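Trainee: Starting from the known structure of chain A, fit chains B, C and D onto it as the hints suggest.
Chains as they are written, first to last, in the numbering used here: chain A, 1 to 400; chain B, 401 to 815; chain C, 816 to 1049; chain D, 1050 to 1291.
Each hint should be verified, as a subset may be incorrect.
Said to hold, decoys possible - Far from chain C, some chain D residues (derived; all Cβ distances over 12 Å):
1) Pro1086
2) Gly1159
3) Glu1169
4) Leu1187
5) Gln1191
6) Asp1204
7) Phe1214
8) Ile1249
What the hints assert, rightly or not - Derived DSS-like pairs: lysine-lysine, alpha-carbon spacing no greater than 30 Å straight-line:
9) C:Lys984 / D:Lys1280
10) C:Lys861 / D:Lys1280
11) C:Lys891 / C:Lys946
12) D:Lys1166 / D:Lys1114
13) C:Lys891 / B:Lys684
14) C:Lys928 / B:Lys684
15) B:Lys596 / C:Lys861
16) D:Lys1280 / C:Lys1017
17) B:Lys596 / D:Lys1166
No lab work stands behind these hints: they were computed from the structure.
All values reported here derive from a predicted model rather than from experimental measurement.
A virtual CB, placed ideally from N, CA and C, is assigned to each residue, including glycine.
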Amino acid sequence: MNLNRMGGWVVGTLGVIALLVAPVWLTNSPYLMHLAITSFFYAILASSWSLLAGYAGQFSFGHMAFMAIGAYSAALMGYYVRFTTAATNLCRELSLGGIWIVLLNPQGVTQTNTPNCLEMAKATMPVGAIIMQPPVWAGLLAGILMGALFGFLVGSLVLRLRSTYLALFTIGFSEILRAVISAEIDITQGQSGLKMSPLFPGGISLFGMEFGAAAKVPPYYAMLLLFLISMAIMGWLASSRFGLFIRAIREDEEAAAALGVHVVRYKVLVFVVTATIAAAAGVIQGHYIGIITPNILIILQMSLVIAMAVIGGLESLVSAAIGAIIIEFMLELLRNSFDIGPFSVDMTTWRLVFFGALLMLTLRFRRNGLIHPLITWFSRRNVGQETVANRAAAAAAPDA
Amino acid sequence: MEHGAIFGWTMLWIIFWGIVGGIVTPRVYERRNLDVSQARLGGTAIGAATGPIGLIPLWVFSPTLSSRWITAAGLLIVAILAVAFARADPNNLCVTNGGFVASQLTNGIVIGIIYSLMALGLTLIYSILGVVSFAHGEFYMIGGMVVYYMSVSALFENANPLVWLLGAAVVTFLMGVAFERMFLRVMNTGQIERPKEYAILVTFGLAFFLQYATQALVGANPVKTQRFFPFPNLDIPSQESAWLIKTTSGNIRLFDAVSIPNPRFTAAAIAVILLLMLMWFLYKTWTGKALRAVSQDQQAAAVAGINPNTMNTLAFGMGAMLAGLSGATLVQVFAWLPQVGIPASARAFVIIVLGGMGSLPGAFLGGLLVGLVEAAGTGCIPDTTRAAAYIPAYGMVILTLTLLLKPTGFFGREL
Amino acid sequence: MLEIKDLYVGYYRDLNILQGVNLTAKEGMITTVLGANGVGKSTTLKAIYGFLRPNEGDILVDGQSVLGVPTYERIKMGLAYIPQQPGVFRWMSVEENLEVGAWTFRNDKARLKRKLEENYARFPILRDKRKQLTGELSGGQQRMVEIGRTLMTDPKVILVDEPTAGLAKLLSEEVYQMLVNLRDRDGLTILLVDQEIREALKIADYVYVLELGRNKFEGPASEFQDLEKAFWVG
Amino acid sequence: MLKLEVNNLYKNFGGLQVLRDVTFEVNGPELIGLIGPNGAGKTTLTNILDGAIKPSSGTVYLNDKRVDTLPPYMVARAGLGRTFQVTRAFRRMTVLENLLVPAMALHATGRQNFEAKAREVLDFLTMSHLTNEYGRALSGGQQKLLELGRLLMLDPSLIILDEPFAGVHPRLMEVIYEYIHRVNSDGKAIIIISHDMDTIFTLSKRLLVLNYGDLIADGDPQIVKNDPLVKRAYLGEDEEEG
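The following block holds chain A by itself, in its conformation from the complex (with noise of 0.2 Å):
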């Protein structure tokens, strides 16, 4: 191991403890605890957007799409199903050993409102049945899943499309989602959206504190620990052969597949490993919000996403992270309207503009991005010097 890559461990995990140590400081603060965890939430969104992106070539405009599957997917469950311990014979219901899970019908908005089953069958129902929500964790792991499997759909389905295509496909997927969702009123909620209960819904202990419901620090360290968790993985995968797959086949896919790369799996993989990871961190901001709506979907969230990305680094999976907690303090840092004179500033959008702005300027004169430059400058100073110094050898060597 190089010098390098031990100050890269050190700086990285420096960075850890000072973001896990950080309530301590915070924790007066809800604004910038909220802040903090809306950052982490977009840096998991940005990094994954550049394992699909920038490591794989795969230009999806849907990403915040398996995101909002995620979230609805979870808040969905929370709404529609819930664990019993007797049949209700009333609703749609499945039995696991004692253990009913039970199906509500949509009680609608629209028309006119349909009783709700489970209400009507408590008459018929045991004394002492329990009805229960189903945990977050549950609401998790049915966001994990049906992300993988939109992450499954959609990769298949854009294999062999060419990046235009894909763009443009993926671009349409997102918007066909926000119309289903903001039409379908009587399962959704449409734009008045679905509400998420708190991800602790009975308060937690930490650290021998008592946090209830409302409190940040629970959520801070549960978009964290996903956070860091995402993070390791995809570090982990793009380090390992799958990196190495990926990245060959954005650059050449049919020479990738001449040495024996499987292009087809991988690119399908990547689409389920990143659209999980997105799925995921909607199901945590859902519930850390509160209410999930359409406007989630909106294309000027994935340009944000993509914004930081770019601004970051595209071609690497910490840059982006840290040009979306760093774009993310800024947009929040800008937000002070002012007045020059007779002019006043509306600084909500005019900092959307600059970074607009911003995003066309790094694409056009530092296409690596803005972090990642000094990022590889530390890693890859030695290269050159390496390389010349290898090449003084082998002449200062007699021939053979």
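Mentor: Using the frame of chain A, we list chains B, C and D on its own:
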């Protein structure tokens, strides 16, 4: 729907046999060393239209699949679906009221013409630069904004609406030219690695930038202009029985059945004039010929002395202008917001893929078809709010089917 | 007329398809470049016309270097290029194709008309088909359209790359006859690159043989009786 | 012992017949030259052997395993490696990573097992000073060598080299010559597609000639050279003969 099951089962039957035909037919053709380029589309169409009745002879005799066969099968599918729909929902307006159907179809064509205008801009850009502009919808939005703000400005308030349109054209053209010069020209110099991906991201970035720059400048409240050209009151043949044409200032009624709102009608009329002007430009002027030459063979055009850089800039500017003009005509139809370009550009993507990337007639035909499908979808689905919300979905279904069955579209030159 | 001096061309700086090629196309003659395929014949023409940038060497037209001139302006120096793949505009009519050839003097209507007439006189069949889409024409006719379009600007030197590749034998004879006519009637300088060694030698005045990006033999066509010498390495 | 059997290969694209009844065998570590005028079907044949396209009819067996129905990655794993006419180094990956791709595609073990071998290969190609450079930083000739290096890591039993000498500097040519000899003496069969007659005649012990889809000659280079069919394909129709 009273008997929704009929329609549902018909759909399932069609989808099932479509898939069977689409999977098996190419294999049969490949095994017999026949041309497989049409086999998947043809197999799917014939399977979906006729089920095993058509598929078995198809597999046994494996005739050459001409586009005529495929079109016939496509029409048959539409007919079967129409009959199933009529059986399933006999009280639907689309079944009972011929006038309503005619009206929907006409309105579909009317709106389709405007979609075509916008898609033509996108396809023009693609055929010359080889780039799909993800900011196309934003030029559309800006075209409408320019018209609205000219129409309320003290200076142009009383000007002829054509002046507003001219303003929209000039603004979007110049923006397109400036963007091409600043961000896309470098693609030809070899300075940019992987130019295709660069183009996708940088035009996407432009969309993001333009959308919020507009919002920052004018706010996010929906705006809409008055009718550009109200109809004169006409009653033909006579006032008592105006069965041929009857107009009020906001509506025109043809044959006592087909009714078209004024804004849509004028928008389509302007679009038709613009299309004719575009055709004149492309086919009769030197510059137009040069553009077509570049789109057909870059090298030969360069050999003939045509500067490709100039043509790239011009094509992008004109593409942006066409989008801007279609927005400019539609700002009297729809409420206008900075976000209005997103569904519009998604639709334009669908159209150019359906028509075949880079094909001008394809874009026109695709626009009409998408207009018709949307009209049928919105007009016939019983639940109107839901139908309206699903408008973008129809386009996506078309896009998915095109990509699966015939990725080159109607007149595609290449995938 | 056209001189190529010590030309190194390739897609990378160190992978040179051409490694020091020297050629001269003399005025009013057909100069033929032969060689097995892959030795860089087409590359030479592409470099002369500016589709590839030479790593080293120079290209002179009438003693004037063309290296800094962009491709689309080389036509104004009297150069013209007929590539191997028919470069016609398939979805344009024959007449439109010819008109595009007149792009550099598009505002000179009289000249345009004169040149169109000249071409129709040269290829009468094109007059009959002038409203037809060029893509619907036969391969030989497409060649005619292309040659006609190239001649619109009165070039001094034409670079011709395997003009008969993929054409039937009868048609190829026609095409070679066309080239001879261009030399004899119009006094053009022609640099012909070809695979059809026998045919190309028949019409050539002067012959170069390339091998692996370098000159191998050269001399007047009359000296080239031993075909095998031109091709096999002995 | 390598064995490649190509039986009655036909390929047509639409109406165009690109290959017609191509049959040949490769037994053991042969060094074969494949030549033919442009459009003769050399690239199509390579793509069929490699699995990138399927033949219209006919079969290909590699070491008694049918490979014409397999996708390229399976064919590669079955022991067929190829290079491309235009260099296809992975430009945004380091030289070392370029070499690891085929090795790791072949074996499901960690990368540390292959790094030593990769360094050996780089030594042989005189590129060890470039180990950590990106593919795009390499010169064209080095990219060509890198491609050859990737084949060594794949360790196939049959190698198809598509124009290995196009445009390379004489010094580099020697490296490639040595590469071919060494790989061949390691027991691998090599098919070289080249326009460079000189090299083909010096290197190969056997020559295959394709002309418009027909395999018109197969045998000793010196004999093939005087075959009237081959002459006609290259020199054009000879009028004295007909």
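Trainee: Each hint needs a verdict: does it hold in this structure or not?
Mentor: A quick look at each hint next to the structure:
1. Pro1086: violated (6 Å)
2. Gly1159: holds (34 Å)
3. Glu1169: Glu1169 (chain D) clear of chain C: closest Cβ-Cβ about 25 Å, beyond 12 Å.
4. Leu1187: Violated: least Cβ distance 9 Å, not greater than 12 Å.
5. Gln1191: Label violated. Min Cβ-Cβ 8 Å, cutoff 12 Å.
6. Asp1204: holds (26 Å)
7. Phe1214: With a cut-off of 12 Å, Phe1214 (chain D) comes too close to chain C, as the shortest Cβ separation is near 8 Å.
8. Ile1249: It is violated; Ile1249 (chain D) is separated from chain C by about 9 Å at its closest Cβ, not greater than 12 Å.
9. C:Lys984 / D:Lys1280: This hinted pair holds, its Cα atoms lying about 18 Å apart.
10. C:Lys861 / D:Lys1280: holds (28 Å)
11. C:Lys891 / C:Lys946: With a Cα-Cα distance of about 28 Å, the restraint between Lys891 (chain C) and Lys946 (chain C) holds, given a limit of 30 Å.
12. D:Lys1166 / D:Lys1114: holds (28 Å)
13. C:Lys891 / B:Lys684: The given pair, whose Cα atoms are some 24 Å apart, holds under the 30 Å limit.
14. C:Lys928 / B:Lys684: Cα-Cα ~16 Å, so holds.
15. B:Lys596 / C:Lys861: holds (25 Å)
16. D:Lys1280 / C:Lys1017: Cα-Cα ~18 Å, so holds.
17. B:Lys596 / D:Lys1166: Violated. Lys596 (chain B) to Lys1166 (chain D) sits at ~36 Å, over the 30 Å cutoff.
In the structure shown, a violation is registered for the earlier hints numbered 1, 4, 5, 7, 8, 17, in ascending order.
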